[in-house]
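Enquirer: Letter by letter, the chains look like this.
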Amino acid sequence: MRHSSEYGETARMNRPRNTSRKRTMTPPFSPVLLAGMAMRPLPPRMLQPILTAALRTVLRRHPEVFERLAILDDPVFLIDPIDLPFMFILRPHPSAPDLRAVRDAQDEPFTAAIRGSMLALTDLLEGRIDGDSLFFSRDLEIEGDTEAVVALRNAVDGAEIDVFTDIAALFGPAAGPARRLATHARGLLDAATRDMESLRAAITAPATRRAEAQAARLDKLEEKVQELGRAARRAAPAASRTKRSAKP
Amino acid sequence: MTRKLELVCPAGTPASLRAAVDAGADAVYLGFRDETNARNFPGLNFSRAELADGLAYAHDRNTQVFLAINTFPEAGNPDPWRKAVDDAAAMGVDAVILADIGMCDYAATKHPDLRRHLSVQASASNPEAIRFYADAFDVKRVVLPRVLTIKEIAELNAQIPVETEVFVFGGLCVMAEGRCALSSYATGESPNISGVCSPASHVRYEDEGDRMVSRLGNFTINTFGADEPAGYPTLCKGRFVAAGKASYLFEEPTSLNAAEMLPELAEAGVTALKIEGRQRGRAYIAEVVSAFRRAVDAAAVGERASIELSTVTEGQKKTSGVYEKTWR
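These protein sequence lines map, in sequence, to chains A and B. Taking the numbering used here, the leading residue of the first sequence gets 27, the next gets one more, and so forth. Taking the numbering used here, the leading residue of the second sequence gets 7, the next gets one more, and so forth.
Worth double-checking, as some hints may not be accurate.
What the hints assert, rightly or not - Listed next, the in silico DSSO-like pairs over lysine-lysine satisfying Cα-Cα at most 27 Å (straight line):
{"hint": "1", "chain 1": "B", "residue 1": "323", "chain 2": "B", "residue 2": "251"}
{"hint": "2", "chain 1": "B", "residue 1": "146", "chain 2": "B", "residue 2": "89"}
{"hint": "3", "chain 1": "B", "residue 1": "10", "chain 2": "B", "residue 2": "324"}
{"hint": "4", "chain 1": "B", "residue 1": "331", "chain 2": "B", "residue 2": "10"}
{"hint": "5", "chain 1": "B", "residue 1": "251", "chain 2": "A", "residue 2": "246"}
{"hint": "6", "chain 1": "B", "residue 1": "157", "chain 2": "B", "residue 2": "146"}
{"hint": "7", "chain 1": "B", "residue 1": "323", "chain 2": "A", "residue 2": "246"}
{"hint": "8", "chain 1": "B", "residue 1": "116", "chain 2": "B", "residue 2": "146"}
{"hint": "9", "chain 1": "A", "residue 1": "250", "chain 2": "B", "residue 2": "251"}
None of these hints come from the bench; they were simulated from the model. Source: prediction; values computed, not measured.
Here chain A stands alone, though its shape is the one from the complex (with noise of 0.2 Å):
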């Protein structure tokens, strides 16, 4: 039973089916945003059997991921990695899951949406970040149904996926070599990341310097605005006070 209250029943967000905004999160540079540049000529269909497969995979492994989801009403997500040119479309249906990949989402009507780094997102399906945290610092931005978005986020949360290897588990026989070179390709990635942070570091030093500088200037200037209106307001009292003396 739900409890009534004088905003509560009115005030329950219904469940519209959205659809996208341009993408305002600025992206990280990052190995994956110029890999994202590089694939822009590929139809995004490209990747349909990789999705399904790995879905598939999910599905079988992760069977608990669409059992902590069934308390939401057949959702669709709208999974944007905003360093890559197109986006995913999730629909985690227990019997019939479907998850594409689109140039853009336009026309692409969702339940809820979440945008992210593709490393960002990662990491949280992981698990290896928790999804608060990444909404506090503004690296992760939701769109639509909360309800929705919090139980993917505990459902994936609970699941310890290992995006890695569930995909080196497509291979069959092959798998524990595909594991062992996928594990090698993150340690390239996670190298490459780091190598382009300092590299972005090291080209906006300067303009990092001086804006610094100048936030510090601004904040002294501010300082003394602040007791130059502390000081006028003391001086206004007294000034009252001497022209009220002055009267007979």
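Let chain A serve as the given structure and place chain B on it in line with the hints.
Expert: Using the frame of chain A, we list chain B on its own:
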């Protein structure tokens, strides 16, 4: 050498339970996947089968499991709560964490050997109230509301016959737990009855170009600038305009961190330390529990540990909360 404090850690999923146990929890607290516990979030919590697996995993590693049955039964519908208590006893959990007087009585009568802890939701903060729960229902431990200074906790401990457990990390309720009606007022659902404060089904985040707006039901809770750290969409953490100025009228988005106060808490007679966050991911659990494991072990040999956890805190800020009560 100081007495060693017990570290009680949250788990919202079996994966989080394993993360907490592996990171050094002395006990893990969790709830069933329904309204009988105060973290009834979508996609969270344990089925009976998952609890059975979790108990085996934890007990094999000498970690206790406490089951939170800490909401107040709906009038005329006590069965889900009674069944939760019965299942807890049958499955062998180490303690149940109860809030409702009726459930305390039910558990004491039907399952006298099932250890009973009093939830923070019961809001027992004075010796008379705590002695009542101890005398009437043989409650062994009380989770204290976050309204007492360390000095007040020491004075309380001297007057009661039961153990005390206090929060040391995580999200803060600024209201008296179990008695807050803000969520009910805004949404019709509350942690006390429905098991969830500011339920996600009533929350909406909207991008308005240069700012993000959070709404709970018909209330605008906050607006955040492009790079400003965000917080939870609860009324008590809202930023409202009063007398022409926008400010956090009740409490800023911030998290409790009492890691540096563990020696004083031990000195005050506290038995156990509680980490908040059953709704958080297993990365949070692993990071916070391991940090507090180090801090508790350091406190046991008379050392004070400072731990940096700002990346996982609400608003990316921390406070020592009411333990110091500097505003008095």
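Enquirer: Okay, which hints does this one fail, numbers in order?
Expert: none
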